[in-house]
Structures are given as C-alpha cells and as structure tokens.
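Participant: Residue numbers (our numbering), protein chains in the order written: chain A, 1 to 325; chain B, 326 to 613; chain C, 614 to 850.
The set of hints was computed from the structure by calculation and includes no laboratory data.
Computed from a predicted model, the values in this text were never measured in an experiment.
Check each hint, because a few of them may be wrong.
[What the hints assert, rightly or not] Computed spacing ranges between beta-carbons, pair by pair: (1) B:V509 <-> A:G137: 33 to 43 Å; (2) A:D195 <-> B:L598: 45 to 55 Å; (3) A:V298 <-> C:E628: 38 to 48 Å.
[To be verified] Result set (BS3-like, lysine-lysine): computed pairs, CA atoms no more than 27 Å apart in a straight line: (4) B:K483 <-> C:K743; (5) C:K687 <-> B:K497; (6) C:K721 <-> B:K483; (7) A:K282 <-> B:K434; (8) C:K743 <-> B:K497; (9) C:K768 <-> B:K497; (10) A:K112 <-> B:K434; (11) C:K720 <-> B:K483; (12) C:K817 <-> B:K497; (13) C:K768 <-> C:K817; (14) C:K640 <-> C:K833; (15) C:K720 <-> B:K497; (16) C:K721 <-> B:K497; (17) A:K314 <-> B:K416; (18) B:K483 <-> C:K687; (19) B:K497 <-> A:K309; (20) A:K112 <-> B:K416; (21) B:K585 <-> A:K136; (22) B:K497 <-> C:K684; (23) B:K497 <-> C:K640; (24) B:K483 <-> C:K739.
Ideal Cβ positions, reconstructed from N, Cα and C, are used throughout, including at glycine.
In case you want the letters, here they are:
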Amino acid sequence: MKNLKKKNLIILFLVVLGLALLINLPLRSTTYMVRVFNMTMITYLAVLSLYVVFGMAGQSSFAQCGLMGIGAYITANMSTKWGFAPIVGMLASMLGTALFAFIIGFALFRLKRFYFSFSTIALMTILNGIFANWVKGTGGSMGMGNLVQFSVGGYVFNTEIKYFYLITSFSIVATIIIWKLFRSPLGRSFMAVRDNETAASCMGINNLLTKNIAFAISGLLCGLSGSLFAFLSGYISATSFALPQSQLYLVVIMIGGSSSPIGALIGSILINLLPEWLRFLKDYMMLIYGIGIMGLMVVLPEGIVGGGKDLYAKFIKRKRSRVDA
Amino acid sequence: MIVQLIVTGISLGVVYGLIGMGMVLIFRAVGIVNFAQGDFLMLGAFICFALNQKMGMPIWFSFAITAVLIGLSGIVFQFVTYWPLRNAQDKTIIVSTLGASIALREMTKLIWGSTPQTIDPLKKGVVRIGGAILQWQYVLIIIFAAILMGLVYFLLEKTLLGNIMQATAQDKYAASLMGIPIVVAIGLTFFISMLITGAGGVMLAPIFFITNTMGVMAGVKAFAAVVIGGFGSVQGAIIGGLLIGLVEVFAGTFVSTTYKDTVVFAVLIISLLIRPQGIFGEKIAEKA
Amino acid sequence: MLKIRNLVANYGHIEALHGISLDVGNKEMVALIGSNGAGKTTLLNSISGHVTKTGEIMYNDIDISKMKAGKIVKQGIIQVPEGRHVFPGLTVMQNLVVGTIAWRGLKKADYEEDLERVTTLFPRLKERYKQLAWSLSGGEQQMVAMGRAMMGRPKLLMLDEPSMGLAPKVVDEMFDAIVAINKGGTPILLVEQNAQLALEVSSKAYIIEGGKIKLSGSSKELASDDRVREAYLGKSN
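Bound conformation, chain A alone:
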C-alpha cells in the first residue's frame, strides 16, 4: 500500500512539473522555436496515428501523410473557401478523414498484411497525385494559401504561443484517449489482430472490422493533424503530403518504438527538434536517420522505448536478485 501511494505521488509530482515546464516553455523561447515545437506536436499526432494502426493493430500503412492531406484540404476548403467556422472545419476534417479511411479500409484490408502495405503506398501516391493536380479542390501544384487562422467564438489564434497552448492541449487529450484505448477491450482486440489473426477470429473478433476501426481512428488523428497544420502554417501544398514523409514516419516510429505513444513522441522529436538542436548537421540529418535505423534495427529492434523497457527489466531483475541474495 505504501509503495503504491509513493508511486502515485511521484507520478503526480512529475505531471505537475511537466505542466509547469510546458506552460513556461513557449514564454522562454523564440517565436521560431515555438513554431518548431508546434510542428513537433502536429507531427506527433500523425505518428500517433501510426501507433494506433501499426503499433497496436500491426498494419503498416504508408498512407498517413495522405490522410493528413485530406484533413488539411478539408479544413482549408471549409474554413477559408466556404467560410465555415474554424471549429466546424476542424471537426469536418477529423470526421471526413476518419470516414474516408473507414470506407477505403473495407477494400484495402481484405488484402493480406504485405499486400495491404502496397495498397497504402498506391493510395498515398494516388492521393498525392490528386493533391498536386486537382486545381479546383486543392489548388493543384500552387496549393492553397491565405488560410484563416483558428478561432473559437471571437478569440483568434494568431500567434505561435497561442497555437502552442492549443496544439499542446489537443496532443495531451489525444494521448490520454489513446492511452485509454490501449487499456480498453477495443485496444486489446487491435493487439490480438496484430499478434495472430487466426487466433483473434477464433476469439470472436471480426478482423476486417477491427482493422478498419483502427484505421479510422488513425484517420481521425491524421485529420486533426492536417487541420491544425493548415491553420498553423496558413499555406498547404501537395509536397507536404507525399510518400517520402510517410516512409519517414514509419522509420521514426520504429526508432522511437512502435509499442508505445512515447515512441511516437520520440519519433516526432527526431523529425522536428533534433535537426534544430544539431543545426550544424542539418544537411546530414536524413542520412543519419537512414543509417541510424539500419543500425538500430540490429541492436534495438524494439526501438528506444523497447530498449528502455529491456534496461528497466534488467535493472529490476538485478535489484530483486540482490534482495534475495
């Protein structure tokens, strides 16, 4: 009992500390850095979507950036072109992308693991093609610019710092919801499908529907991510939503560790923050990631989170054996 109370106190302390840091952070950084933090969290939401569909449900999808794009363009069209309230645009992005993912999932998830991944590559390329060429809906290669800022009621988010608090709140809420999902029966059914589809269906799980729901949830997250991106940067174009980015997301979630949202966080930090902290290596960043993932897969196939868990387990083991001895 005492140990549990102690643990809870420690967690509470860390959370308060974390919140204090978060609130202070943007106030002590340059506008540029705040933008970087914002982009990190937008990326985090997209990589988190990969955690749901890949880490939890075991389906490697290369379409995440395409889904982000759908979210971004829905928001751009609804809020800027057609003048709907930003919150409506955001909701439309989330639901629209989720719906799209859900429907197309019925076609794609009929395919076995491997073939599903190919089909997501095909989907990504098709989406990118539409983004880059459908002038009416997406502005074609010119993209869409002068997008309205996010606003609620009369309150307009027109500074980086305001966006920081907005996006952070969304990220925290999203993480909590996904964490709850992980512990829920639905989340467990995702993992059952990931680990062994035959066994899962023997337990009464509808594999197709389950994978679809996972994909739809990831669509929800990508839609949010894309929508926030549209509001934040004021300009979107097809080059942001292409296959190389999707590949990168898969790579970084493997680096971070696909077994936990922390891995997604590490991944998005790698994409956005590391190039900033290691400015002098900026040109070599991608090369380092490429070589890094190759090496990492040999030493730490479970990613940084997995490696951390291993270390923790070894530490506990050593502690316990010392007690016994």
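Guided by the hints, dock chains B and C onto chain A, whose structure is given.
Facilitator: Chains B and C alone, transformed into the frame defined by chain A:
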C-alpha cells in the same frame, strides 16, 4: 503515333520489369521485400553519370563498369541490411531496407547535389521502323533489357551456379546440407538483382533527368508490377512491368500527363481487389 | 570411422544432448532409435555442423566438431534431412546435379556414372527427370532426396527418418534401396522412429531417450530385449 506509344510503353515497362525481377530474386532468396530496390536504379544512373560525364568515358564502357560496381554494391547492401538481421522478424528487415533507401538518396544528394543531371544515350538519333520514327534509345532499351532477362533466365535455369542460387532460395537448410555456402549464394543473388536494376537506371537516365529521387517512383511502380504479375514470379514481374509501362504511357497521352501515375496506381488497387495473387499467382511453394 | 564421445549440444539455452557416445564403423549400418524429441535429429545436425556443441566427434581420426558445415560435407558426410527437403522449384535432374557439388564444387566433372548408380537404385526417377520436385509424391521425393545425397559420393550417409509419412509398400522399396546402398560399401547412420524396420536392416543399434543413450548393442540382441520390445516394438510378453 500508336506505334511510338507502344514502343515507349514497352521500353519503360521492361525497365520496371528489370527492377521487379531484382525484387523478386531477393524476395525468393531471403523472403523480404526490398524497399530500397528503386534506389539502386538511381545509384546506377549516378555512377554512370560520374563515369560518363565527369570522367569522360564512352557510354558503353561506363555502362559495363557501372553494372559491375552496382552489383558489388548489392553485395555490400546484403551484408549491411540483410545479413545482420537474417534471423529477425520480417518487419525489422523491411524497415532496415527503408532506412537504406533514405540513406542512399541522401548520400547521392550529398555527393552529386540536387541539380538534375543526364548522361549520353546508348545511341543518339532515331530509327525508322515500319513507317514510325522511333528514338534509338527506346529501341535499344527493349533489346538490351530482353537480352539481360534472357541471360538471367539462362543463368538460373541452365547453369549449375544458377541452380545453386535457386536451391539456396528454396531451402537454405537443405542447401547447407549439400555443402553450398549459403552466404555466397545469397550474395550472388543480390549481385545480380542490383546489377539488372542499376542497368535499368543507366538505360532510363538519358530519357529522364537523373535526380536522387528518381528511384522512388520507379521502385514503387516496380512493386506494382510485381504485385500485378504475381508476387514471387519472375515472369510475373516482367509481364506486370510491361503492363504498367503501357498503362503509364497511354494514360499519360489519353487521360492526362498529370494524372498518369494516379491511373497506374488505381490500376494496381483494382488489380489487388480483383485478383490479389496476381496474374501468375503467388509462388509460395518455391519459397519453401 | 565415426567416433563420438561425450557430445553435448544446445539449442539456445536448452540442452538437447547430454553427453552422447556413439560409433559407426566402416561399412556398418547403425540404427539410432528413439521417440519424438529424444534428440535424434539434433545428433545428426551436430555431426553435420548445424548445431553448437561440445565434445568429440572424430571422423577417420579428424576432429570435425569445430568444422564448418561446408567442410564437413567435403569430408564425405552427407545428411538426408527429416522431411526430405527436396528443392521444390528445381527438376528432379537439377536436384540430383546439385548434389554433386559435395565432391566437385563448381568444377566441371563427369557425373554420368553417379546418375547410373542412382537410377539403378531408384529406377522410377528416370521417368521424372524433367518434373519439378514439388509435384512428386512423398515416396518419390524421398527417392530424390536420397538420390541427391548419393550423387554427392558420400563416405558416410546419415538418414533422418526415411520412412516418415510413406505408405508401407513404399517404405519397403525405400529400405531395399537403403540396404543396397549399404551393401555397396557406404556406411549408414540410420535414424528411425520405425524401430522394427531399423533393427531389421542394421547390424548395431543405439536407443536414445531424452538426449541420452539408454541402450546399445547388436540389433539382433536389442530386438529380443524385453525393454526394447515393450517401449519401441509395441510388443509385450
């Protein structure tokens, strides 16, 4: 006009077929999908560029040397990407090849810059065949790719070395019991796989610009070709490649140049939905 | 010619063989009998160099326990694995020719005589030269597997459960061939679950249980041994 389109489509298609063949060889040998395959096409183009343009060697000579160098890079690739992970899960190895793809692209960008480059064509000018005026390059691509494919087929089916490669791919344990050195046999497979892919790069380079991302689309289309043809089947890769090449060219002309890739991948998705195992079906039995 | 002393073999952290000692003499047919999981295949894999081990494996006075698999094959030790493991996508002829690598590597050589020998043993293969191995019946695949091993000019042949999954008539044909091979001068280490057959054709036998040799002796003696009869021959007095 139609003849020109068909020739262009076939010539593009055989290159996709070569890349696809490379992918299938590796898949049959070690059971993984190589996400970096297309980037070896790019590497071949760049190496040939360095030899032909930067060092001034004649194109055919550069071609030959490039082929050997690219094959050797395939062996290096095997030792760096596959061999250390040979007992790991498939998804781990695949992610490693993804990393290699990124690394290759960045490396060539750092070495040769992002300005699009070009190399000499195999033969300049045009040729008249049956009333149609065709660029020599396209015709030569078809001839040369066909020769390469024939050579690979001959190697695999009719020579002892090729049979050894096949045996290793089909059953490593049994091959080892016969005294076959597994790592050598696999290395050879990678050598040939990258050689034909790089050769494809050299052949396409004079037509398209050489950029560090030229392999990405080509690789993805080669995937599509292999899937449509039937994963694991070498004939499938070739037929699939031809199909994709023709679809791309005809879609580009009759639908729109901007949406031609979209059409190609829509065809892939449709093919996956109608017949996921491809034209020739999945070759599972041979993969043991 | 084959002397094994105190062989301990591991699969990862699991010890599968706990100190095996065994002899195969020139021209002998030695049977290794045991139930599933007793360690029979592990023993063969240890000899052919596919399992980490400690202990002594002397082959014609050469210690092969630390040798690599390829080199062991070059010494003339050829294993026909459990479950046949033919190369499914190659033709019968290609399977057989690949077997010749064991003695010639990649050098050009004449293997006509070897083919003759194999087709005398297994005449049915002659009609199937161009057929892909995956399409053959179980018995035919076993013939291909054994023929492939014979093409390698083995000086010691190790057979892992040649009767497995085969119809009784086919098993008889198979064992006729095995006896013929042994009579032709090739020593054989025969691993079998079918104890009765194994004891019939062999001169000496070892019973292995849980990674240890429980009994050994001449096959005739073991066949009339009550313990053996009850446990492996399904007979009781």
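Participant: Determine for every hint whether it applies to the structure shown.
Facilitator: Each hint, compared with the structure:
V509 of chain B and G137 of chain A have their C-beta atoms about 55 Å apart, which leaves the hinted 33 to 43 Å range violated. Judged by the Cβ atoms, the range 45 to 55 Å given for D195 of chain A and L598 of chain B is violated: they are separated by roughly 26 Å. For V298 of chain A and E628 of chain C, the hinted distance range of 38 to 48 Å is not satisfied, since their beta carbons lie about 28 Å from each other. A C-alpha spacing of about 13 Å is found between K483 of chain B and K743 of chain C, which places the hinted pair at or below 27 Å, so the restraint holds.
With a C-alpha separation of about 18 Å, the suggested pairing of K687 of chain C with K497 of chain B holds against the 27 Å cut-off. Distance check on the hinted pair: K721 of chain C and K483 of chain B sit about 14 Å apart at the alpha-carbon level, within 27 Å; holds. A hinted pair counts as satisfied when its Cα atoms are at most 27 Å apart, and K282 of chain A with K434 of chain B qualifies at roughly 13 Å. A C-alpha spacing of about 22 Å is found between K743 of chain C and K497 of chain B, which places the hinted pair at or below 27 Å, so the restraint holds.
At most 27 Å may separate the alpha-carbon atoms for a hinted pair to count; K768 of chain C and K497 of chain B meet this at roughly 23 Å. Straight-line distance between C-alpha atoms of K112 of chain A and K434 of chain B comes to about 36 Å, which puts the hinted pair past the 27 Å bound. Under the criterion of a C-alpha separation no larger than 27 Å, the hint pairing K720 of chain C with K483 of chain B is consistent with the structure, at around 15 Å. In summary, the hint linking K817 of chain C to K497 of chain B is not supported, as the alpha carbons are separated by about 32 Å, beyond the 27 Å threshold.
With a C-alpha separation of about 18 Å, the suggested pairing of K768 of chain C with K817 of chain C holds against the 27 Å cut-off. At roughly 18 Å between alpha-carbon atoms, K640 of chain C and K833 of chain C fall within 27 Å of each other, so this suggested pair holds. About 22 Å separates the Cα atoms of K720 of chain C and K497 of chain B, which keeps this hinted pair within 27 Å; it holds. At most 27 Å may separate the alpha-carbon atoms for a hinted pair to count; K721 of chain C and K497 of chain B meet this at roughly 24 Å.
This hinted pair checks out: K314 of chain A and K416 of chain B have alpha carbons roughly 25 Å apart, not beyond 27 Å. Annotation: proposed proximity of K483 of chain B to K687 of chain C holds, straight-line Cα distance about 24 Å (limit 27 Å). For the hint pairing K497 of chain B with K309 of chain A, the CA-to-CA distance comes to about 34 Å; that exceeds 27 Å, so the pair is violated. About 14 Å separates the Cα atoms of K112 of chain A and K416 of chain B, which keeps this hinted pair within 27 Å; it holds.
For the proposed pair K585 of chain B and K136 of chain A, the alpha carbon gap of about 18 Å is at most 27 Å, so the pair holds. Between the alpha carbons of K497 of chain B and K684 of chain C the distance comes to roughly 16 Å, so the proposed pair stays at or under 27 Å and holds. Taken as a hint, the K497 of chain B and K640 of chain C pair is broken in the structure, with Cα atoms around 30 Å apart against an allowance of 27 Å. Restraint check for K483 of chain B and K739 of chain C: satisfied, since their Cα atoms lie roughly 19 Å apart, inside the 27 Å limit.
The structure shown violates the earlier hints numbered 1, 2, 3, 10, 12, 19 and 23.
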